[in-house]
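Engineer: Chains as they are written, first to last, in our numbering: chain D, 19 to 256; chain B, 42 to 284.
Derived from the structure by calculation, the hints contain no laboratory data.
Where a beta carbon is used, it is the ideal one built from N, C-alpha and C, also for glycine.
Heads up, a few of these hints could be off.
[Unchecked claim] Per the computed footprint, the stretches of chain B lying under chain D, defined by three or more beta-carbons under 8 Å from a beta-carbon of chain D, are: (1) 68-74; (2) 82-92; (3) 98-105; (4) 224-235.
[What the hints assert, rightly or not] BS3-like, lysine-lysine: derived pairs with alpha carbons at most 30 Å apart: (5) B:Lys187 - B:Lys218; (6) B:Lys139 - D:Lys163; (7) D:Lys88 - D:Lys176; (8) B:Lys163 - B:Lys100; (9) B:Lys232 - D:Lys155; (10) D:Lys163 - D:Lys200; (11) D:Lys176 - B:Lys223; (12) D:Lys176 - B:Lys218; (13) B:Lys221 - D:Lys88; (14) D:Lys163 - B:Lys195; (15) B:Lys187 - B:Lys221; (16) D:Lys155 - B:Lys262; (17) B:Lys187 - D:Lys176; (18) B:Lys218 - D:Lys163; (19) B:Lys107 - B:Lys223; (20) B:Lys163 - B:Lys195; (21) D:Lys200 - B:Lys107; (22) B:Lys139 - B:Lys100; (23) D:Lys155 - B:Lys221; (24) D:Lys155 - D:Lys88; (25) B:Lys221 - D:Lys176; (26) B:Lys221 - D:Lys163; (27) B:Lys163 - D:Lys155; (28) B:Lys187 - B:Lys139; (29) B:Lys223 - B:Lys163; (30) B:Lys139 - D:Lys155; (31) D:Lys200 - B:Lys223; (32) D:Lys163 - B:Lys262; (33) B:Lys221 - B:Lys232; (34) B:Lys218 - B:Lys232; (35) B:Lys195 - B:Lys100; (36) D:Lys176 - B:Lys232.
In case you want the letters, here they are:
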Amino acid sequence: MTHTNHRRGSRESLSRDFVILSMIEPTSGAQRSYGGPLEERVRRFLEICGRHGPVALAARARGRRLRYLKGWTEEMNSGVHRASTLEEVMRCEEIEGGVGHAVYTDREAVIEVLRELREADLGLSIVVSGVFDEVFKACRRAGLKPHTVNMSLGTWGKVELLPDETILELCTMCGHAMISRKLAETMIERVAAGTMTPEAAAVELGKQCTCNVFNTVRALEIINRAAAEMKRVKAINI
Amino acid sequence: MVYVVRELCVACGRCALYCPVEAITVGEYAFVDQERCVECGTCIRAECPVDALRQPELKPPRLLRKLFSDPLATFKETEVPGRGTEEMKTNDVTNNVKFGEAGWGVEMGRPGVSTSFADVEKVAMALARHGVEFLDLNPVTMLIDKRTGRFTEKNPWGISPGEIRALRALSAIIEFKTPKEKVPEIIETLKEVSREVDTVFSVGIISRWRDGEPEVLPLLKGIPGIRVYPNGKHNMGLGRPGP
Numbered sequence: 019m020t021h022t023n024h025r026r027g028s029r030e031s032l033s034r035d036f037v038i039l040s041m042i043e044p045t046s047g048a049q050r051s052y053g054g055p056l057e058e059r060v061r062r063f064l065e066i067c068g069r070h071g072p073v074a075l076a077a078r079a080r081g082r083r084l085r086y087l088k089g090w091t092e093e094m095n096s097g098v099h100r101a102s103t104l105e106e107v108m109r110c111e112e113i114e115g116g117v118g119h120a121v122y123t124d125r126e127a128v129i130e131v132l133r134e135l136r137e138a139d140l141g142l143s144i145v146v147s148g149v150f151d152e153v154f155k156a157c158r159r160a161g162l163k164p165h166t167v168n169m170s171l172g173t174w175g176k177v178e179l180l181p182d183e184t185i186l187e188l189c190t191m192c193g194h195a196m197i198s199r200k201l202a203e204t205m206i207e208r209v210a211a212g213t214m215t216p217e218a219a220a221v222e223l224g225k226q227c228t229c230n231v232f233n234t235v236r237a238l239e240i241i242n243r244a245a246a247e248m249k250r251v252k253a254i255n256i
Numbered sequence: 042m043v044y045v046v047r048e049l050c051v052a053c054g055r056c057a058l059y060c061p062v063e064a065i066t067v068g069e070y071a072f073v074d075q076e077r078c079v080e081c082g083t084c085i086r087a088e089c090p091v092d093a094l095r096q097p098e099l100k101p102p103r104l105l106r107k108l109f110s111d112p113l114a115t116f117k118e119t120e121v122p123g124r125g126t127e128e129m130k131t132n133d134v135t136n137n138v139k140f141g142e143a144g145w146g147v148e149m150g151r152p153g154v155s156t157s158f159a160d161v162e163k164v165a166m167a168l169a170r171h172g173v174e175f176l177d178l179n180p181v182t183m184l185i186d187k188r189t190g191r192f193t194e195k196n197p198w199g200i201s202p203g204e205i206r207a208l209r210a211l212s213a214i215i216e217f218k219t220p221k222e223k224v225p226e227i228i229e230t231l232k233e234v235s236r237e238v239d240t241v242f243s244v245g246i247i248s249r250w251r252d253g254e255p256e257v258l259p260l261l262k263g264i265p266g267i268r269v270y271p272n273g274k275h276n277m278g279l280g281r282p283g284p
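Same shape as in the complex, but just chain D (with noise of 0.2 Å):
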């Protein structure tokens, strides 16, 4: 599982798109006892990271998955796809194991995350995925200093069956790559053609990422970006 490890885009627009994961060792009996009950604690890392803002929080509960996504609200539902509200996922009873993910946009609130946690010394595993020096800056002004990093060196191999850079950038903010190309590209068109707001077409494919770790606020940049540029080839080629 590094599913926020390889996400693509310019670096301003990765700039503005963090994920925070909690995360214990499964055999260490040591970090899972740690300072309390495992629930007690994921629902302390829950609510630090709910009271800033992110734009995604997501806690594994009893048999299910509690998914706060900006933008998603109850009528977008469908299938196993539920949104939840920020504060049923910061208050959930029924946690189930060390998992909990958040994402944000603004560093300052990473910032606050952080300085928070390291207070509450709760023993999880702390992620953070963004832009290194971003990040960096994030970890001084918190007091912490990264314990291990993993770089991405990119795609290799046969890169020419891979969508084109846009259609990446979407597609790759979920890890597991549950967002068809496809699916990214039939959103930018419906945008584009005015039959789908961009807002709803940014839930609909977080709504695939089933870890919750998407970014609707980028991907509505991204697809108001492309929605933009295909109106403007259309034109030209009327």
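Using the hints provided, position chain B relative to the given structure of chain D.
Structural biologist: Then chain B, alone, in the frame of chain D:
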């Protein structure tokens, strides 16, 4: 395996739109190419308007497609959902990747292209020739002979190497570590084998943090044609009790 009940299907194309590997085609009804399908579950979750999709319980070897491809499936052997591995996310507790070492994640099929396991084996064998240390708590490692990188029948599912090679997955992560001095030769090997596979792979390199930067970064900077992307993952060292 996922299939379509023809009598119910109205050929709306919704399942095909959501399928990440383009395994579904739609004519008079939707059809799932079972060789191409990786059992990721996305079509099922997309909510067929007439409930025409079925996914019966899977058994090995077919089950392996799902375990590698569906983030809602969990490898019982590692207890980690997704692709069954934690790589550096708990390195502050496990210290799997130490100072002086480079950790590697070679993600076959990512992003979104999918991979055959024949290609997974090809890359694993190329790496094994350099004496890399494959990480134990990883689903690909459980399928291979760690000395040679070849698939072995001694795996938790008891499936044959031939059956493993015939599998496909949305992605499969080959995880290993090496002394940091081996970084240039591993990169050279990955470059060579990248020309022999019928898919893509994404490469991640894991390093401890030393003196204000990742320990292996200076090594990477000296390798022609290697680009370190501006974004990555950072373990904050807050896991307790760490080493």
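Engineer: At a Cβ distance under 8 Å, does chain D reach at least three residues of the region 224-235 of chain B?
Structural biologist: Satisfied; 4 residues make the cut.
Engineer: Holds or violated: are the alpha carbons of lysine 163 of chain D and lysine 195 of chain B at most 30 Å from each other?
Structural biologist: 42 Å, violated
Engineer: Between the alpha carbons of lysine 163 of chain B and lysine 100 of chain B, is the straight-line distance 30 Å or under?
Structural biologist: Judged against 30 Å, a Cα distance of about 25 Å means the pair holds.
Engineer: Need the status of pair lysine 221 of chain B, lysine 163 of chain D: alpha-carbon distance at most 30 Å?
Structural biologist: 21 Å, holds
Engineer: If you draw a straight line from the CA of lysine 155 of chain D to the CA of lysine 88 of chain D, is it 30 Å or shorter?
Structural biologist: Roughly 26 Å between the alpha carbons, so the hint for lysine 155 of chain D and lysine 88 of chain D holds.
Engineer: Lysine 176 of chain D and lysine 218 of chain B: Cα distance at most 30 Å?
Structural biologist: Holds: lysine 176 of chain D and lysine 218 of chain B sit about 25 Å apart, inside 30 Å.
Engineer: Does lysine 107 of chain B sit within 30 Å of lysine 200 of chain D, going by the straight-line distance between their CA atoms?
Structural biologist: 21 Å, holds
Engineer: Given the hint that lysine 176 of chain D pairs with lysine 232 of chain B, does the C-alpha gap stay at or below 30 Å?
Structural biologist: Satisfied, since the Cα-Cα distance of roughly 12 Å is no more than 30 Å.
Engineer: Starting from lysine 88 of chain D, check that the Cα of lysine 176 of chain D is at most 30 Å away, please.
Structural biologist: 35 Å, violated
Engineer: Take a quick look at whether lysine 163 of chain B and lysine 195 of chain B sit within 30 Å of each other, Cα to Cα.
Structural biologist: 18 Å, holds
Engineer: Need the status of pair lysine 155 of chain D, lysine 262 of chain B: alpha-carbon distance at most 30 Å?
Structural biologist: Within the cut-off at roughly 22 Å; holds.
Engineer: Under 8 Å between beta-carbons, do enough residues of the region 68-74 of chain B, three at least, approach chain D for the coverage claim to hold?
Structural biologist: Check failed, 0 qualifying residues.
Of the numbered hints given earlier, the model fails hints 1, 3, 7, 9, 10, 13, 14, 19, 22, 27 and 31; all others are met.
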